[in-house]
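As they're listed, the protein sequences go chains A and B.
Anchor point for the first sequence: position 110 equals 110 in the numbering used here, and the numbering is continuous, going up by one each time.
To convert, count from 1 in the second sequence and add 1000; that's the numbering used here.
Rather than coming from a laboratory, the hints here were simulated on the basis of the structure.
As the structure is a computational prediction, the values presented were derived from the model and not from experiment.
Just to be clear, a hint being listed does not mean it is correct.
Under the rule of at most 25 Å between Cα atoms (straight-line distance), these lysine to any residue pairs were calculated in the SDA-like manner [as the list claims (entries may be wrong)]:
hint: 1; chain 1: A; residue 1: 181; chain 2: B; residue 2: 1016
hint: 2; chain 1: A; residue 1: 176; chain 2: B; residue 2: 1013
hint: 3; chain 1: A; residue 1: 176; chain 2: B; residue 2: 1019
hint: 4; chain 1: A; residue 1: 12; chain 2: B; residue 2: 1028
hint: 5; chain 1: A; residue 1: 176; chain 2: A; residue 2: 105
hint: 6; chain 1: A; residue 1: 165; chain 2: B; residue 2: 1013
hint: 7; chain 1: A; residue 1: 176; chain 2: B; residue 2: 1014
hint: 8; chain 1: A; residue 1: 176; chain 2: B; residue 2: 1015
hint: 9; chain 1: A; residue 1: 105; chain 2: A; residue 2: 69
hint: 10; chain 1: A; residue 1: 12; chain 2: B; residue 2: 1022
hint: 11; chain 1: A; residue 1: 176; chain 2: B; residue 2: 1018
hint: 12; chain 1: A; residue 1: 12; chain 2: B; residue 2: 1035
hint: 13; chain 1: A; residue 1: 165; chain 2: B; residue 2: 1074
hint: 14; chain 1: A; residue 1: 176; chain 2: B; residue 2: 1023
hint: 15; chain 1: A; residue 1: 12; chain 2: B; residue 2: 1013
hint: 16; chain 1: A; residue 1: 4; chain 2: A; residue 2: 176
hint: 17; chain 1: A; residue 1: 165; chain 2: B; residue 2: 1029
hint: 18; chain 1: A; residue 1: 181; chain 2: B; residue 2: 1026
Just the calculated beta-carbon pair ranges, DEER-fashion [claimed, not checked]:
hint: 19; chain 1: A; residue 1: 155; chain 2: B; residue 2: 1037; range: 14 to 22 Å
hint: 20; chain 1: B; residue 1: 1047; chain 2: A; residue 2: 66; range: 50 to 58 Å
hint: 21; chain 1: A; residue 1: 2; chain 2: B; residue 2: 1051; range: 55 to 63 Å
hint: 22; chain 1: B; residue 1: 1037; chain 2: A; residue 2: 181; range: 29 to 37 Å
hint: 23; chain 1: B; residue 1: 1047; chain 2: A; residue 2: 196; range: 46 to 54 Å
hint: 24; chain 1: A; residue 1: 162; chain 2: B; residue 2: 1027; range: 16 to 24 Å
hint: 25; chain 1: A; residue 1: 196; chain 2: B; residue 2: 1063; range: 22 to 30 Å
hint: 26; chain 1: B; residue 1: 1043; chain 2: A; residue 2: 183; range: 30 to 38 Å
hint: 27; chain 1: A; residue 1: 236; chain 2: B; residue 2: 1036; range: 58 to 66 Å
hint: 28; chain 1: B; residue 1: 1055; chain 2: A; residue 2: 246; range: 53 to 61 Å
hint: 29; chain 1: B; residue 1: 1063; chain 2: A; residue 2: 198; range: 31 to 39 Å
hint: 30; chain 1: A; residue 1: 166; chain 2: B; residue 2: 1036; range: 22 to 30 Å
hint: 31; chain 1: A; residue 1: 105; chain 2: B; residue 2: 1043; range: 43 to 51 Å
hint: 32; chain 1: B; residue 1: 1027; chain 2: A; residue 2: 184; range: 43 to 51 Å
Glycine included, each C-beta is placed from N, C-alpha and C at the ideal position.
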Amino acid sequence: MGGKVLTVTSGKGGVGKTTTTANLAVALAATGDKVVCLDADIGLRNLDVVMGLENRIVYDLVDIVEGRARLRQAMIKDKRLPELYLIPAAQTRDKAAVSPTDMIKLCNELRNEVDWILVDSPAGIERGFRNAVAPADQVLIVTNPEVSAVRDADRIVGLLEAEEKGPGHLIINRLKPEMVKRGDMLSTEDVLDILAIPLIGVVPEDEGILVSSNRGAPAAMDERSRAGQAFRDVARRLKGEDVPFPSLDDNKSFFQRLAARFTRAS
Amino acid sequence: MGNWLNRLLGRDNQSSAQSAKERLQLVLIHDRTDLSPALVETLKDEIIAVISKHVEIDPGGVEINLSQTQRENRLVANIPLLAAPGGRRRPRK
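Same shape as in the complex, but just chain B (with noise of 0.2 Å):
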């Protein structure tokens, strides 16, 4: 009752349960893999430095996220590599 109430005056858009769950999927991921949230944000930095040694990357676009598929957990990184001056930008068909 107090939680259809809620909802309708708009003010949670989420049950406690889903809360909880999301709650716990994240916990868990830093628990799991011993990577606190700072950590992750100084590999992210590092991980920009390394790679801009070598190729030109957009350093705004990299993400790099903790994923979780059923018991194994994993680093993904996303890194956007900038075309280099007078190169190509796709290859020809």
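Extracted from the complex, chain A is given alone in its bound form (with noise of 0.2 Å):
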């Protein structure tokens, strides 16, 4: 069957989405994986700026489906590892531009030239969604520790549910230690207790994701990004292996990120 279908989604907008999946194809392409990622949000193109190719965009994923380009024509290389691929949205269609049908077709002819295939889907749970999760091997949801965040993704599992898509693999992004401390912020466990469905991973907040857009450089490319581990810890989740999730408590993990740089360093 060869590649594997990941597709992110979450129902609500601005929770991390394209942010996960840029993060995600680096760290896989990291490890050595052959990876593309396919933004099918189309009308709203975000993960050619997110990854910074957005100037060696010449076809996009609608040229490939009606049948203007070839597959590795609108495959764009990302220089800076081995094998990392963007095939980007159009930005001036909408969704109705591709089907689900088209979608599975195009990642059945990907499956045979990569090991990763991952879906950016665009928010909502309309045809832009169904677009995206339609050929799906594994679904990751992204929340953030959030009321209108999480009750969208417990929509989201719902759909796939229906859908046979499995429950689906959840991300929690955006999460702050200090003030899950105090009180104010829905723990993981909180997050677990209510939409009981697998975790992969626990991103905390971190400004420096913002920094790594404006730049075009996703954080799992720097190896000190705090929100760049947790995404790389993810991947290695994806391929199998079984990373714990650290603690995310400040003082600790300042420590032992002390610890750690000291220990490479030796």
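Bring the two chains, given one by one in their own frames, into a single complex with the hints.
Below, the structure written as structure tokens:
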């Protein structure tokens, strides 16, 4: 069967789907795997800028679907990693330009080319979402520890169950350990109690994420980035490794990081 | 700090995260089942009516709740039956 199709979705907008897709793609490619990411948010393309590849777009997803470009032609190579590619969304079309069947066909072709196909889903539960989920072997649901994001994530879990796409795996993004500690933010355990699906990642709030998208260089490329580390952990879990969830306790992790740096240096 | 002060002054006895969790749990039961609180009330009235046709029940003691375990939702009805006139209250040992 070849490559595996992973769809990143959330229901609610702005929780970090595109950031997650870009970082997981980078983290998986850094392990030597061949990765292509596919921006399924037609009309609101963004994965290209987050990855810093916006100036190299010639063809897009709709060009492939409508036969104006071959698959290989539309795959933009990210030169920073050996085998990382992007297929951008079309910016001047809408979701209806592509059907779930088109997505399945396209991903099946990509399976022969790469190890991982990461699909960045648009927000919402309409056509764009259905397009993104149709080819998925595994779905990653991104949420924030916040009522509206968790409620929308629950809706996605229900829709995935109805489509027999499994419950999906959860990534809790933008967690602030100090707010959890003082009882002003839902904890990882709270969110898991509510959604009752398997957890695959907890990503702490990190200002570095904004800096990295300013620069077009996903945080997972930066060894020192905390969020980047969390995404690299998710990538390892996706590859079947049993990676423990680190304590997000601020002080502890500061010393742990310090210790880790000394160990690396020596 | 503010939270600690609030708690000391008894302004709120639960953290905002706890309220978030409880509110979410409630709203999700309704989202998942597509049963509004009003519909649950209607169900309750109709269930009482149907059962009352055949057996005597205590309408005031009827409880109809939605409960959630992991990803399963169920409607749980607790309906106290009244003893039939002249009937035994409890089976003999």
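Here is what the structure says about each hint:
1. 181/A with 1016/B: 12 Å, holds
2. 176/A with 1013/B: 22 Å, holds
3. 176/A with 1019/B: 18 Å, holds
4. 12/A with 1028/B: 15 Å, holds
5. 176/A with 105/A: With Cα atoms ~40 Å apart, residue 176/A and residue 105/A exceed 25 Å; violated.
6. 165/A with 1013/B: 41 Å, violated
7. 176/A with 1014/B: With a Cα-Cα distance of about 19 Å, the restraint between residue 176/A and residue 1014/B holds, given a limit of 25 Å.
8. 176/A with 1015/B: It holds: about 16 Å lies between the C-alpha atoms, which stays within 25 Å.
9. 105/A with 69/A: At roughly 15 Å apart (the allowed maximum being 25 Å), residue 69/A and residue 105/A satisfy the hint.
10. 12/A with 1022/B: 20 Å, holds
11. 176/A with 1018/B: Holds. Residue 176/A to residue 1018/B sits at ~16 Å (cutoff 25 Å).
12. 12/A with 1035/B: 22 Å, holds
13. 165/A with 1074/B: Satisfied, since the Cα-Cα distance of roughly 23 Å is no more than 25 Å.
14. 176/A with 1023/B: 20 Å, holds
15. 12/A with 1013/B: The hint is violated at about 31 Å.
16. 4/A with 176/A: 32 Å, violated
17. 165/A with 1029/B: 22 Å, holds
18. 181/A with 1026/B: Between residue 181/A and residue 1026/B the Cα gap is close to 24 Å, so the pair holds against 25 Å.
19. 155/A with 1037/B: 14 to 22 Å: 19 Å, holds
20. 1047/B with 66/A: 50 to 58 Å: 56 Å, holds
21. 2/A with 1051/B: 55 to 63 Å: With Cβ atoms ~59 Å apart, the hint holds.
22. 1037/B with 181/A: 29 to 37 Å: 34 Å, holds
23. 1047/B with 196/A: 46 to 54 Å: Taking Cβ atoms as reference, residue 1047/B and residue 196/A lie about 28 Å apart, which means the hint is violated.
24. 162/A with 1027/B: 16 to 24 Å: At 20 Å between Cβs, range holds.
25. 196/A with 1063/B: 22 to 30 Å: 25 Å, holds
26. 1043/B with 183/A: 30 to 38 Å: Holds - the Cβ-Cβ distance for residue 1043/B and residue 183/A, about 36 Å, lies within 30 to 38 Å.
27. 236/A with 1036/B: 58 to 66 Å: 44 Å, violated
28. 1055/B with 246/A: 53 to 61 Å: This hint holds: roughly 59 Å between Cβ atoms.
29. 1063/B with 198/A: 31 to 39 Å: 34 Å, holds
30. 166/A with 1036/B: 22 to 30 Å: Since the Cβ atoms of residue 166/A and residue 1036/B sit about 29 Å apart, the hinted range of 22 to 30 Å holds.
31. 105/A with 1043/B: 43 to 51 Å: Holds, since residue 105/A and residue 1043/B (Cβ atoms, about 46 Å apart) stay within the stated range.
32. 1027/B with 184/A: 43 to 51 Å: 20 Å, violated
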